[in-house]
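Line by line, the protein sequences give chains A and B.
Taking this note's numbering, the leading residue of the first sequence gets 1, the next gets one more, and so forth.
Taking this note's numbering, the leading residue of the second sequence gets 1001, the next gets one more, and so forth.
Source of the hints: derived by calculation from the structure; they are not laboratory data.
Note that the structure is a prediction, hence the values are computed from the model and not measured.
Every residue gets a Cβ at the ideal spot worked out from N, C-alpha and C, and that includes glycine.
Any given hint might turn out to be false.
Some chain B residues close to chain A (C-beta under 10 angstroms, calculated; not the full set) [said to hold, decoys possible]:
| no. | residue |
| --- | --- |
| 1 | PHE1020 |
| 2 | LYS1027 |
| 3 | VAL1069 |
Label-pair ranges, simulated between beta-carbon atoms [as the list claims (entries may be wrong)]:
| no. | chain 1 | residue 1 | chain 2 | residue 2 | range |
| --- | --- | --- | --- | --- | --- |
| 4 | A | ASN3 | B | LYS1007 | 51 to 61 angstroms |
| 5 | A | GLN17 | B | THR1113 | 48 to 58 angstroms |
| 6 | A | SER59 | B | LYS1007 | 54 to 64 angstroms |
| 7 | A | GLY315 | B | LYS1007 | 34 to 44 angstroms |
| 8 | B | PRO1099 | A | LEU230 | 33 to 43 angstroms |
| 9 | A | GLU255 | B | PRO1099 | 45 to 55 angstroms |
| 10 | A | TRP170 | B | LYS1007 | 26 to 36 angstroms |
Residue strings, one per chain:
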Amino acid sequence: MANLVCAGCGSLCDGIQVQIEENRIAVIDKACAKGAAFLNALGNPKRRAICLVNHKEVSSEKAIEEAKRLLSQSKRPLIFGLDNSTLETQAIAFRLAEKLGAVLDDASSFSYGELISSLLKGTLHGCSLSQIKDKANLLMYWGSNPMHSHPRHLSEHSYYAYTEYDIAGWLPKVKLGCVEVRDTEFSYICNPVFMLSPGKDREFIQDVLSLIKGGNGTEEAKTFCDLFKLSRLSLIFCGRGLVYSLDGDFSLFNEMVGKLSQWTKACVIPMIDDVNMFGFNKLLRQKTGHINQVSFSGGVSHGPEFSFLEQLRKGLPDCILIIGSDPISTLPVSLRNNLAKTKVICLSSLITPTTKAADVVIATAAPGWEQGGKVIRMDGEEVRLIKVRESAYPSEEEILERLLGEKI
Amino acid sequence: MSALESKNLELVIITYQDDFLKVAEIKEGVGGAYEKLAAVVGLSPDDLKLLGAGDGKPVELKNAIGSIVVQAKSNPKVKPGTGQMPFSLYSICLTGYDPAKSKLPNFKRIEVTAGAANRNITPISELQGGKVA
């Protein structure tokens, strides 16, 4: 049995056991359905990406050479993705972006970027997932259903990980609440549930702030504040529901968390789906002072005009290198159509709609399975991915080194 | 209102992450199992009645961005005037991005007009986009 850290989602659960017999996975233990599907897919040749140039199968060598040719001819290259790549891979990709004078961005620029930026700057306080169990008195999930986004999150890191139970022995000794717009299986186990109309998160935050500042507030806002008053350590887990309801503007939310901190140690953890989005933002900030949306053309520039979305909307890039990401499955349809008009090189371990659409596909070893390395989890903690087996495919690191034109 | 009578409804579609859909996508890629789980919209029983569409019947969701036909599922937990869909290649067909209106794409709250459809569910093969050979 091999022990590994599952790279199937942002939870990065450790202690997953895999038994390989006759070169195939015979047993997977302790993984959730998503993790097990991910590991099985990596062992399934029908799901693995193959190297392609113009939809025709070629060797790795040929695919890398074609990618190198396209990038060297490009006048406005863009590098996107890397949220599921190791820190080591990200560092090489940043060097490649610098060498090419490329625009560099990841999915944080249209998801958790603002929140991660606040955590990196210290405007918001984070908390290690390992410090939550039996210590936090309040777990508040906002716009997030961990049962679907991170299936083992509750049992590994939060509610069901608690060893202390209430006096009746029924429930973990912690308050579990959520702010939601839908009735879900998760909201069913939460008490209280702050059920909002879709898109009304900002109004709810304003209500809470008004109450804290001595003004009027709704009953829900009062109940919300009372929970924080009674707690020593409080966690707010922010999901995509909150991000999109606030349209990525966390200024009011940050103010609210700051005010709540007069009563409790209020910490925030973004429920990042990707394995290493936090790492991308942290590493790029160390290198450039910015977490995303950077251009290396003529020095370092930063701004919303360098976001992947804006670049695509304006049809600016003439060649896009996508690393470990599947934007075709997530982009609004108009941007997806623009992606189809440019040259696309895709590095991927699995077949995805993006590999099906790309001009060049370079099949890669899978991080956390055939490639080891460091990643940074949603709570800012560094986690080491373990290489479990050898791969027939080159790693993302090796491919990027080749594209960079240096020896491996 | 008889089953033959139907009208269009203005709905706000709320999207969500569905673990079962993700598992199907990872296991088999974007294929039949993905389509079955993604091409659905949960509607309140009252709205279904107004649409003149039965539980499990096709409904068309359309807006200025695009149009899809998905299977309607009656769900008493869904508030009238809203619909619930897993985030997928289907929902992004209705998703707009206009930085003059909002900083982020409208992934989570999508305004659509819904109506009973006399067409089949949009096949997933039509939605994969890009330069497929």
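Hints, verified against the model:
{"no.": "1", "hint": "PHE1020", "in the structure": "holds (8 angstroms)"}
{"no.": "2", "hint": "LYS1027", "in the structure": "holds (5 angstroms)"}
{"no.": "3", "hint": "VAL1069", "in the structure": "violated (16 angstroms)"}
{"no.": "4", "hint": "ASN3(A) <-> LYS1007(B): 51 to 61 angstroms", "in the structure": "holds (58 angstroms)"}
{"no.": "5", "hint": "GLN17(A) <-> THR1113(B): 48 to 58 angstroms", "in the structure": "holds (50 angstroms)"}
{"no.": "6", "hint": "SER59(A) <-> LYS1007(B): 54 to 64 angstroms", "in the structure": "holds (58 angstroms)"}
{"no.": "7", "hint": "GLY315(A) <-> LYS1007(B): 34 to 44 angstroms", "in the structure": "holds (40 angstroms)"}
{"no.": "8", "hint": "PRO1099(B) <-> LEU230(A): 33 to 43 angstroms", "in the structure": "holds (42 angstroms)"}
{"no.": "9", "hint": "GLU255(A) <-> PRO1099(B): 45 to 55 angstroms", "in the structure": "violated (24 angstroms)"}
{"no.": "10", "hint": "TRP170(A) <-> LYS1007(B): 26 to 36 angstroms", "in the structure": "violated (48 angstroms)"}
Checked against the numbered hints given earlier, the structure breaks hints 3, 9, 10 and satisfies all the rest.
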